[in-house]
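Knowing the structure of chain Y, use the given hints to seat chain Z on it.
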Amino acid sequence: MRLSTLLTLPAALLPLIYAKEQHSYTEHLHLKPLPDNSLYAGFTFTSTTPYTAYASNHFRYFPRSLAQILQYTHTAELHLRFALGRWDEESWGSRPRRGSREGGNGVELWAWMDADAEEGWSDLVNSLSGLFCASLNFVDSGKTTRPVLSFEPEGTLEELQETRNGTGELRLLHGMLPHEVVCTENLTPFLKLLPCKGKAGISSLLDGHKLFDANWQTMAVDVRPICSTGGDCILEIQQTVDMVLDIERSMRPRESPIPRPLPIKDITCDETKGYNGHDTCYPEGPGGEMGWSLSSVFGRPIRGSCALGGGEEEEGFDITLKVPSERTVEVISETAIPQSTSSGSRAYRLPKDANFDLDLPHQALESSSSGAFALEQPPLYASRQLTGHGAERGGMHTLLRNPHPYAQRIVYLESLPWFLRPYMHTLELSGAGGKMEKMFYTPLLDRQRGTHLELLIEIQPRSTVEITYDFEKAILRYTEYPPDANRGFDIPAAVIRVLPNNATQDQGQGRDYYLRTTSLLLPLPTPDFSMPYNVIILTSTVIALGFGSIFNLLVRSFVLVEEVPVGALAGVVWRLKDGVARVRGMLKGGGVGKEDDGGGVVKKGEVVVGGEVRKVNGGGGGGGKKDT
Amino acid sequence: MNRWADGKACQLHYPLYIGLTWDDYDISPVQDLASQVQSLLRAENDLSLYDFYIIADTTTAETSQRAKLSGPGAGGELGEYRGHALSVNVITDPSTKSTSASLRTWRPVLDVRHNPERSVDSATLAPFIASEIRKIYEHENDAISHLLRDTPFTTSGQVEALSPEVKSSLDARRTRAFKYAATYHLTFSLFTSSASPSAWEAEQALEDSIRPLLDRFSSISEFTVDTQVQLLASFSPSIAGPQYDESTREWKLQRTDLSGFVNAAEWPLNPGIGSGPTINFVLFVPSEDQSPLVLAETGGNSWLIPQWGGVQILNPSGKQSEKLSAADLRPVMLTFADQLSALLGLPDSPASPSLRISSLVRERATSLVLSASSTLGALARLSLKLTSIAIPDSVAKSVDETILRLDQACHDLRDGRYHRALENARTAEGEAEQAFFEPSMVGQVYFPEEHKVAVYVPLLGPMAVPLVMAALKEFRKLRATKAKVA
Numbered sequence: 001m002r003l004s005t006l007l008t009l010p011a012a013l014l015p016l017i018y019a020k021e022q023h024s025y026t027e028h029l030h031l032k033p034l035p036d037n038s039l040y041a042g043f044t045f046t047s048t049t050p051y052t053a054y055a056s057n058h059f060r061y062f063p064r065s066l067a068q069i070l071q072y073t074h075t076a077e078l079h080l081r082f083a084l085g086r087w088d089e090e091s092w093g094s095r096p097r098r099g100s101r102e103g104g105n106g107v108e109l110w111a112w113m114d115a116d117a118e119e120g121w122s123d124l125v126n127s128l129s130g131l132f133c134a135s136l137n138f139v140d141s142g143k144t145t146r147p148v149l150s151f152e153p154e155g156t157l158e159e160l161q162e163t164r165n166g167t168g169e170l171r172l173l174h175g176m177l178p179h180e181v182v183c184t185e186n187l188t189p190f191l192k193l194l195p196c197k198g199k200a201g202i203s204s205l206l207d208g209h210k211l212f213d214a215n216w217q218t219m220a221v222d223v224r225p226i227c228s229t230g231g232d233c234i235l236e237i238q239q240t241v242d243m244v245l246d247i248e249r250s251m252r253p254r255e256s257p258i259p260r261p262l263p264i265k266d267i268t269c270d271e272t273k274g275y276n277g278h279d280t281c282y283p284e285g286p287g288g289e290m291g292w293s294l295s296s297v298f299g300r301p302i303r304g305s306c307a308l309g310g311g312e313e314e315e316g317f318d319i320t321l322k323v324p325s326e327r328t329v330e331v332i333s334e335t336a337i338p339q340s341t342s343s344g345s346r347a348y349r350l351p352k353d354a355n356f357d358l359d360l361p362h363q364a365l366e367s368s369s370s371g372a373f374a375l376e377q378p379p380l381y382a383s384r385q386l387t388g389h390g391a392e393r394g395g396m397h398t399l400l401r402n403p404h405p406y407a408q409r410i411v412y413l414e415s416l417p418w419f420l421r422p423y424m425h426t427l428e429l430s431g432a433g434g435k436m437e438k439m440f441y442t443p444l445l446d447r448q449r450g451t452h453l454e455l456l457i458e459i460q461p462r463s464t465v466e467i468t469y470d471f472e473k474a475i476l477r478y479t480e481y482p483p484d485a486n487r488g489f490d491i492p493a494a495v496i497r498v499l500p501n502n503a504t505q506d507q508g509q510g511r512d513y514y515l516r517t518t519s520l521l522l523p524l525p526t527p528d529f530s531m532p533y534n535v536i537i538l539t540s541t542v543i544a545l546g547f548g549s550i551f552n553l554l555v556r557s558f559v560l561v562e563e564v565p566v567g568a569l570a571g572v573v574w575r576l577k578d579g580v581a582r583v584r585g586m587l588k589g590g591g592v593g594k595e596d597d598g599g600g601v602v603k604k605g606e607v608v609v610g611g612e613v614r615k616v617n618g619g620g621g622g623g624g625k626k627d628t
Numbered sequence: 001m002n003r004w005a006d007g008k009a010c011q012l013h014y015p016l017y018i019g020l021t022w023d024d025y026d027i028s029p030v031q032d033l034a035s036q037v038q039s040l041l042r043a044e045n046d047l048s049l050y051d052f053y054i055i056a057d058t059t060t061a062e063t064s065q066r067a068k069l070s071g072p073g074a075g076g077e078l079g080e081y082r083g084h085a086l087s088v089n090v091i092t093d094p095s096t097k098s099t100s101a102s103l104r105t106w107r108p109v110l111d112v113r114h115n116p117e118r119s120v121d122s123a124t125l126a127p128f129i130a131s132e133i134r135k136i137y138e139h140e141n142d143a144i145s146h147l148l149r150d151t152p153f154t155t156s157g158q159v160e161a162l163s164p165e166v167k168s169s170l171d172a173r174r175t176r177a178f179k180y181a182a183t184y185h186l187t188f189s190l191f192t193s194s195a196s197p198s199a200w201e202a203e204q205a206l207e208d209s210i211r212p213l214l215d216r217f218s219s220i221s222e223f224t225v226d227t228q229v230q231l232l233a234s235f236s237p238s239i240a241g242p243q244y245d246e247s248t249r250e251w252k253l254q255r256t257d258l259s260g261f262v263n264a265a266e267w268p269l270n271p272g273i274g275s276g277p278t279i280n281f282v283l284f285v286p287s288e289d290q291s292p293l294v295l296a297e298t299g300g301n302s303w304l305i306p307q308w309g310g311v312q313i314l315n316p317s318g319k320q321s322e323k324l325s326a327a328d329l330r331p332v333m334l335t336f337a338d339q340l341s342a343l344l345g346l347p348d349s350p351a352s353p354s355l356r357i358s359s360l361v362r363e364r365a366t367s368l369v370l371s372a373s374s375t376l377g378a379l380a381r382l383s384l385k386l387t388s389i390a391i392p393d394s395v396a397k398s399v400d401e402t403i404l405r406l407d408q409a410c411h412d413l414r415d416g417r418y419h420r421a422l423e424n425a426r427t428a429e430g431e432a433e434q435a436f437f438e439p440s441m442v443g444q445v446y447f448p449e450e451h452k453v454a455v456y457v458p459l460l461g462p463m464a465v466p467l468v469m470a471a472l473k474e475f476r477k478l479r480a481t482k483a484k485v486a
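Same order as they appear, the protein sequences are chains Y and Z.
Residue 482 in our numbering sits at position 482 of the first sequence, and the numbers go up by one each step.
Residue 209 in our numbering sits at position 209 of the second sequence, and the numbers go up by one each step.
The shape of chain Y in the complex, shown without the other chains (with noise of 0.2 Å):
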């Protein structure tokens, strides 16, 4: 069974089930090993409500805070995302949930609004700002986009109009922050919208000290409504976390997390590479699969459960354990699981008030087993660099690979910032088997709109295809750089959506499968910001050197050395500086006394002379009465 069909499968299943059970509440933990002592866990909490409840606003595990922020603003169906780091394909293979629960680098947000929706937009990204204590509020129209067709909603919004009596039609609107750092503030409030706030349940397993040092983590929550034939609608929320954790680093000690090595004697050293002395060791892998646990990985056994559905739903299993069946897992709890296992998975349900913990010891696996496990191909590898060097212009340059041997068809989505002045001639699809379908484009404005460029390309089987355009970087107002200029800017991810085509709907993956790109960092060029301070005192100062030098032109009057009288300042002064060489002349000996006498007096004279010449240049202190 694979990873992906297998969280489809509740997923598909869920509206069935609540139809019944409008006020309801699930939650479900899946974890997986994946190569080089990683583990996914991804977590999933749903809570409905029927609509009705939602309209008249009783709130049972639907969240009080979010579903105001969602009737004050219009929204039908709502999308939040916050994620950090990047799925490494090439080594873990598919993306969970075929992708459809995760976001770009920091935040992302789409939702359905009623027809009014860039005043409840902008009402809707400054509530959730507040609610999740993200920079969300810094969404504005310059970074708001509207793609066609990279999304579908996933509610049942028509008929939810229709039982609404709503008659104007829902428009998508679709923001990126890719500057934004997910961290701890974030989770604090996740948490705090779900009925068991991390207090029981596999909640309380979500630490932000182990969520955020993952290799690999996003949440999401979705909101969409379901609405039956009949008429009924429930809203449903879905809360997910998912992540990737590096085994070995989440289990050292918080005390001391420096690794340090380990003394020699307990290092076994690889025989079957060669050594030319004894003193030297290549140290072996531990082989095998590492040993873990629950309260050693997370820092924390799950404290009891949080089942509050009432009887029904006590049928579904709270965890499921991706492993191969030789695996040993051994359950530590004070009251006794009840649990199925087949081929290849686990499930265990919680005890009710007792804390419950997963260990697998440390073991070697056979490696056909192990072979049995084997990843997943994702649908599509994609990469996007930054090209071309100086600050004026530069490129894109993303790389799609279709590694199948079927032809798929891809919505390629960009929202760029205005900033970025892309040369829409310059786009182009090379590479054997790239077609482009169609083309949906909507020009930057200045300050107030940013670039939207969506494409419909057909890939061919096992080909590679290049998008390459040119852009043109802009040059900023002074106060619009950020402190932390000369870092570059954010550039949001671009989302592509893999379109379900005949081949793989054979293999019962009917759904879309999405993934995004890094985000990339665009230097600009920038100014230096000392620059006014510069310019203040500069100007400042040569408006001073000129102003003074016309004022003592204006206002002083010339005349002879000679005629100058000697002022009672500049009598002092003189009788100083004979004294001085006086002094020095007797420090020097008597044998030039004679001579310096004669000579200082004309020294003197001289100084004197210069000081009052360069006074009156000058126009400095000294003697007053000499311009009379």
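By construction, these hints were calculated from the structure, which means they are not laboratory data.
Owing to the predicted nature of the structure, the values given are computational and were not obtained by experimental measurement.
Watch out, some of these pointers could steer you wrong.
Straight line, CA to CA, 25 Å or less: simulated SDA-like cross-link-like pairs of lysine to any residue [said to hold, decoys possible]: (1) Y:210 - Y:361; (2) Z:323 - Y:22; (3) Y:199 - Z:452; (4) Y:192 - Z:266; (5) Z:452 - Y:22.
Relative to chain Y, chain Z alone:
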């Protein structure tokens, strides 16, 4: 602006039109009685804020007769329909021993039972009615006098000194109540410290107990209601928590803990979106091992947090059920209803709720007029003090609107149209606040002259040096020539 701030623009007076009916008399003795009562009421100086107009109304008598016949529902609009603040209904009843008066609960009607055969009663009828009316408006008069105290709207002799007890009770009522708003958001939350009960029939219970009260208030404000259930709620770490009392086998919550009982950091009680304050009502169900939980001093289970909401503890009954039924919630909701009236500032007397609400309308309108005027005064002082502040057009427009609305409110008050006065005063208050807190003006305040100096000093400093030196020189020269002349 200053006329309002100084209280010169409006003389606050409250005309009260009181209808008088006497069921089996002709128009003339009723008019006699009316004029007697009116002169009696005006002769006394203690209700100086009011102008009483007693109107003998024979048509009302017919209406009320009909109302009596057709049942209680038909005459519901009696007072409001006639524009009367109160209707006095004198009923001749030979069976009564002495004259008695009673207020109807949901209508502003005072029924006076009177026995005409006893001549003593006939003579004292007018003073009796006057004293009854005075009793009804005494409390409101105190409250409004208290509002007007220490404001420029007080005129000498109009407001008499209040006793300290009355004053403190009025103060308590005022600190408890929310500021007046056009819309209030009511949030009813069930917090349980364990995982059950996880549901409550709040919708039904609210419909039964809270909705009638809200309908009464609907002439003053609008209300939105929402409910939520929050599980696994823990106490805030800042409070000591309940202590077990061996003797009574109860968990006692100390008085000092009550202020920190609501765990603001963890309990999701965020205010509603949109304008208007949120009033929170919290029902807390303690866990099995911490129940029964009571307040240490009174043994009660509910308390009110001024200008925030109400808290109530519901100890789980013997059988732990998943769901609280509407019947379980009935007493809870009645307590919440009491707390809500207190939080909205409803006065404690007179006995009839409809009279209390109309007296609340007058109080609120008065306090809004006062607050809008004082905001105007503050804005005027501010603009005089900070001369460099730039006042945008929007502020000027708001001030104009405020003054216009205040004038209208004043007229409405004097004419006895209290609901319209409230509406106008509310708009005036809103506009005044908007003018005072205009964001662009706040920004101006924080760019004082000193900052400009910092920019100009590098330019002016070097330029000043030759100027100063030349000035000194000229000064010396002048002195020297003077000395020479002398």
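Verification of the supplied hints:
1. Y:210 - Y:361: holds, 21 Å
2. Z:323 - Y:22: holds, 15 Å
3. Y:199 - Z:452: At roughly 56 Å apart (the allowed maximum being 25 Å), residue 452 (chain Z) and residue 199 (chain Y) break the hint.
4. Y:192 - Z:266: Cα-Cα ~8 Å, so holds.
5. Z:452 - Y:22: violated, 64 Å
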